[in-house]
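Now for the letters of each chain:
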Amino acid sequence: MRGAVSLPAPIAQFPWRVVIPLTLLVAFGAAVLHSAAGGSFSPYAGSHLLRFGVFLIVALVMSYFPEDWARFAAIPVYIAILLLLMAVEAVGQLGGGSQRWLELGFIRLQPSELMKPGIVLILAAFYHTLPVGMIGSWRALLVPAGLLVVPMGLVLLQPDLGTSLAIAFGGVVVMFLAGIPQKWFIGGGLAAVCVAPLAYFFGLQPYQQQRVLTFLDPASDPQGSGYHIIQSKIAIGSGGLSGKGFGEGSQSQLNYLPEPHTDFVFATMAEEWGLIGGLFVLLVFGIVLRWGLLVARDAKTRFSRLLAGGMTATIFFYVAVNLMMVMGLAPVVGIPLPFMSHGGSSMMTNMLCVGALMMVERWNRQSTSAGL
Amino acid sequence: MDRKLTSNSLKQTFDRRSFVVGSVQGGIGLLLAARMGYIAVAENEKYEMEAESNRVNLTLIPPRRGWILDRNGSPLASNRADFRVDIIPERLENADATVELLGDLLEFSKPEKADLRDRLEESRGFAAVPVANGLDYEKFAAVSVRIPDLPGVIPQRGYSRFYPTGASVGHLIGYVGTPSREEYDEDPKPLLLTPGFKLGKDGIEKQFEQQLRGEPGARRVEVTASGRIVRDLETREDVQGNAVQLTIDGPLQDYAARRIGLESGSVVVMDCETGELLCMASMPSFDPNSFSDGIGRVEFAMLRENDRVPLRNKTLKGLYPPGSTVKPMHAMAFMHEGVSPDEAIMCNGGRRIGNRFFNCWSNHGRVDMAKAIYQSCDSYFYHFAQQVGFDKVARFAHQFGLGEEFDLPVASQFYGTVPDPEWKQEKYGSEWQPYDTVNASIGQGYYLASPLQLAVMTARIATGYAVTPSLIKPDTSPKFASMNYRPDEIAYIRQAMSDVVNGPGTAGRARLPIENVLLAGKTGTAQVVSLSVSDGRSGPWRYRDHGLFVFFAPFDKPRYAGAVVIEHGGGSGAAYPVARDVMTFLLDPQKGLEALHALEEQWGGTAQQRLDRQYQTYASAAGVDLPPAPPPVTLSEQVDAEARAAYSGPDQADSTVFSPRDEANPRAEDTTT
Numbered sequence: 001m002r003g004a005v006s007l008p009a010p011i012a013q014f015p016w017r018v019v020i021p022l023t024l025l026v027a028f029g030a031a032v033l034h035s036a037a038g039g040s041f042s043p044y045a046g047s048h049l050l051r052f053g054v055f056l057i058v059a060l061v062m063s064y065f066p067e068d069w070a071r072f073a074a075i076p077v078y079i080a081i082l083l084l085l086m087a088v089e090a091v092g093q094l095g096g097g098s099q100r101w102l103e104l105g106f107i108r109l110q111p112s113e114l115m116k117p118g119i120v121l122i123l124a125a126f127y128h129t130l131p132v133g134m135i136g137s138w139r140a141l142l143v144p145a146g147l148l149v150v151p152m153g154l155v156l157l158q159p160d161l162g163t164s165l166a167i168a169f170g171g172v173v174v175m176f177l178a179g180i181p182q183k184w185f186i187g188g189g190l191a192a193v194c195v196a197p198l199a200y201f202f203g204l205q206p207y208q209q210q211r212v213l214t215f216l217d218p219a220s221d222p223q224g225s226g227y228h229i230i231q232s233k234i235a236i237g238s239g240g241l242s243g244k245g246f247g248e249g250s251q252s253q254l255n256y257l258p259e260p261h262t263d264f265v266f267a268t269m270a271e272e273w274g275l276i277g278g279l280f281v282l283l284v285f286g287i288v289l290r291w292g293l294l295v296a297r298d299a300k301t302r303f304s305r306l307l308a309g310g311m312t313a314t315i316f317f318y319v320a321v322n323l324m325m326v327m328g329l330a331p332v333v334g335i336p337l338p339f340m341s342h343g344g345s346s347m348m349t350n351m352l353c354v355g356a357l358m359m360v361e362r363w364n365r366q367s368t369s370a371g372l
Numbered sequence: 001m002d003r004k005l006t007s008n009s010l011k012q013t014f015d016r017r018s019f020v021v022g023s024v025q026g027g028i029g030l031l032l033a034a035r036m037g038y039i040a041v042a043e044n045e046k047y048e049m050e051a052e053s054n055r056v057n058l059t060l061i062p063p064r065r066g067w068i069l070d071r072n073g074s075p076l077a078s079n080r081a082d083f084r085v086d087i088i089p090e091r092l093e094n095a096d097a098t099v100e101l102l103g104d105l106l107e108f109s110k111p112e113k114a115d116l117r118d119r120l121e122e123s124r125g126f127a128a129v130p131v132a133n134g135l136d137y138e139k140f141a142a143v144s145v146r147i148p149d150l151p152g153v154i155p156q157r158g159y160s161r162f163y164p165t166g167a168s169v170g171h172l173i174g175y176v177g178t179p180s181r182e183e184y185d186e187d188p189k190p191l192l193l194t195p196g197f198k199l200g201k202d203g204i205e206k207q208f209e210q211q212l213r214g215e216p217g218a219r220r221v222e223v224t225a226s227g228r229i230v231r232d233l234e235t236r237e238d239v240q241g242n243a244v245q246l247t248i249d250g251p252l253q254d255y256a257a258r259r260i261g262l263e264s265g266s267v268v269v270m271d272c273e274t275g276e277l278l279c280m281a282s283m284p285s286f287d288p289n290s291f292s293d294g295i296g297r298v299e300f301a302m303l304r305e306n307d308r309v310p311l312r313n314k315t316l317k318g319l320y321p322p323g324s325t326v327k328p329m330h331a332m333a334f335m336h337e338g339v340s341p342d343e344a345i346m347c348n349g350g351r352r353i354g355n356r357f358f359n360c361w362s363n364h365g366r367v368d369m370a371k372a373i374y375q376s377c378d379s380y381f382y383h384f385a386q387q388v389g390f391d392k393v394a395r396f397a398h399q400f401g402l403g404e405e406f407d408l409p410v411a412s413q414f415y416g417t418v419p420d421p422e423w424k425q426e427k428y429g430s431e432w433q434p435y436d437t438v439n440a441s442i443g444q445g446y447y448l449a450s451p452l453q454l455a456v457m458t459a460r461i462a463t464g465y466a467v468t469p470s471l472i473k474p475d476t477s478p479k480f481a482s483m484n485y486r487p488d489e490i491a492y493i494r495q496a497m498s499d500v501v502n503g504p505g506t507a508g509r510a511r512l513p514i515e516n517v518l519l520a521g522k523t524g525t526a527q528v529v530s531l532s533v534s535d536g537r538s539g540p541w542r543y544r545d546h547g548l549f550v551f552f553a554p555f556d557k558p559r560y561a562g563a564v565v566i567e568h569g570g571g572s573g574a575a576y577p578v579a580r581d582v583m584t585f586l587l588d589p590q591k592g593l594e595a596l597h598a599l600e601e602q603w604g605g606t607a608q609q610r611l612d613r614q615y616q617t618y619a620s621a622a623g624v625d626l627p628p629a630p631p632p633v634t635l636s637e638q639v640d641a642e643a644r645a646a647y648s649g650p651d652q653a654d655s656t657v658f659s660p661r662d663e664a665n666p667r668a669e670d671t672t673t
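Sequence order for the protein chains is A and B.
Per this note's numbering, the very first residue in the first sequence carries number 1; after that it's consecutive.
Per this note's numbering, the very first residue in the second sequence carries number 1; after that it's consecutive.
Since the hints were made in silico from the structure, they are not lab data.
Honestly, I wouldn't trust all of these hints.
[What the hints assert, rightly or not] 25 Å max Cα-Cα, derived DSS-like pairs, lysine-lysine:
hint: 1; chain 1: A; residue 1: Lys183; chain 2: B; residue 2: Lys317
hint: 2; chain 1: B; residue 1: Lys317; chain 2: B; residue 2: Lys189
hint: 3; chain 1: B; residue 1: Lys11; chain 2: A; residue 2: Lys300
hint: 4; chain 1: B; residue 1: Lys189; chain 2: B; residue 2: Lys206
Model the full assembly from the supplied sequences, consistent with the hints where possible.
Structure below.
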């Protein structure tokens, strides 16, 4: 109950602290998309705002779910998403090619996206039910690992390395926060270092290997896969402190920047708004993520704590990987920037995460008032 | 935290670890902010430049080539504005699809598409392959709007080289073409890779490349990643190359080339006083217009397979035994070595030299120097060459320009051969024999000369000065050194050579149909094979004798000198009518043209028309029915033979007044030695 005592409860309880920065960010994103479409609301900016509106309502509705519901839903939701992932695989096999989505008529559903909040939910529920004393046991490691590996494998089959890494990241952060012994992380880290070369040579598709090589030396292939990174850095670098002005970015307007409205939307923005725009975006993400971690810290139950922490980590993963990618600090993996990139799936996933966080925040408030 | 785990301790772990997670997140956030600051501020200048070099495309505009002018300022090579389309093979994404779409847009036929595909395959990748030029605006616009679908295709406004008289100047002027890899390696300028740029590949075009080239213009445009031009930023005009003015008389060149007709041969005419070359025609030739558009393979094959070597400039690189055309020059040598012109011998159908009898082409009876020249008596030259010694005669031959190279802006010229004992010893390692003297004395044997050398020789005989030929119009007329012949010696030879044509000589039909102007000359027949193989007049073309004729006019005050060589013409009778008509045209264009028109009617059109027809026949025989692109003949009117007649009447012929003479006696057979 910080400050706003004089306001009526529904207004005071409305999650302003996240909705206001998010709305600003989405509006800014829409402006950038407007520019990326060559100065037009269609096709990107309009639908971007619309989706935000729709999913914001979904998130707000979600925030009213009681904790019990969420906990009981964990297993059915996880199983349902697994089934959807298998369905994608089956349709892909039948259709004679790989695909990542299910055509449901009214929407093109990408189940792997749902799995990102889904894995956080199931792991939070698992650790909640795990007896406190068993946190150091093998069971605390192996069951979550199993829950993690199955969907990761299915997503890798699609093949979609970026999403499966995002799922892994969310899951691993929940496991870390749940308090499983540190030695397993250290051991896991060492194992990863050993496995990485093997994975590179045997696990990655040739185009993915190329992307890793290109990341290490973009100039080696300036017309091919290095093109993305080079053009993105040129866009960001040429923006300077205050940018070239709205709609004046030559890199995006003249199509030098690939994917100016999805993966490289940050570069589009940075070219026209400069470092100032970039710091604004970073600041908003900082506010949102800090809010997420505060919600997690204030959470009263183990389930809600892990849920909030995992959701925050999932959003963070998107932001960090995307921004590192566009600035040339990470390989091109095809992960969009939350709340700015045009795309329904990423908006949905991120708003589900935000919805879950708002839900936890509401539980915190209820238990506080109940406790008082 | 081993056994004493409680819910509280887990909460502490969570807090501790969530602090770690938060710190990592904050750290990465700071890292990103720093990274962005570094890129956007510290490296801003570098990336701004790169963005600019992305956005702005600098295209060079090929400079307009300088014109090549004839002596009167009419263009022998000019430029035509046109719309053209080129392909840069390297930038093609899907060659077949591009050819298909482009072919449809340009309404190409199937063979044309196939030809384009072939040329793309044979190309070197980085250099532009011309697709089409001379397009009308509609087709040009149709291609231009489809540029985003056609990566690597470059439509542009430009200029193409235009040779108004086509094949007549082919060997002399050369042609232009897209630079080859070798040429680029030699002169690695970006201009050479610019689509539409052509450089001189042969002849004058090549020799004066730097002067003709000019300065390229530049156009800065804003382009999208796919190469579509968004807008023009700025344009710098090109600077046209400098003109090159030749000494060539365009209409005369055209006339001479056409007059050669169906034969294979060459005509050289020069100004005796200045050494300026008025005409260097070599036929059959190629049409430099079609070469400059990127010659079709069919056309090239046709030219290469022709046994009359249309790709060789015969005025410089055709070497022939000079035959009797060297006799006046040899006679001058004899005089200078102390042989009196009145000294006579008896020709009994030949002459005994040493212990062997050598035949003359006829029995001339008593022969002095004049008769030996106008009747072309071989015995006389056998005798006096033997008496004087051919090593001495050969020195005179060099003095008169045979076996010599001249300072001309041409890629190559052939020396030919003036045989002498020393030469034979070096070349064959054997002694000079009396029969060598006999052969050489009448321009046979090892003797070889080019038409240009024969023309220079004639100019030197006619004037007594060491006339040297020039091809580029000089600012001042040169002074030539005297060759130290007495005026009476020169006059004697002039008279004898006039008698060849106007007197009792061997070329009565060469007499000019112009009053007051007498042509002097000397016939020559160069045997290619021995009499046992062919009589030199009939049978297979390549066994027939070459016909030669050297001449100057007017005989008593020489102004013009020249040489005509008709390859395998069956004797000098093929050569001197050509010389007569060319000189007639020079002095009276109208009269010259009448003669030519009558002949061209027999032959089936002008040289260009016949070449076009020959091309079509060849193309249909080869199974590739490509229409040759006929150049619009507008400018040509300024320079072709008809144009001269139209605006310059017979006044030139009247400019010099000569003493009247009787009609020359109409006699002498066509076939003489």
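Status of each hint after checking the structure:
1. Lys183(A) <-> Lys317(B): Between Lys183(A) and Lys317(B) the Cα gap is close to 91 Å, so the pair fails against 25 Å, i.e. violated.
2. Lys317(B) <-> Lys189(B): Between Lys317(B) and Lys189(B) the Cα gap is close to 33 Å, so the pair fails against 25 Å, i.e. violated.
3. Lys11(B) <-> Lys300(A): 9 Å, holds
4. Lys189(B) <-> Lys206(B): Holds. Lys189(B) to Lys206(B) sits at ~17 Å (cutoff 25 Å).
The structure fails hints 1, 2 (numbered hints given earlier, in ascending order).
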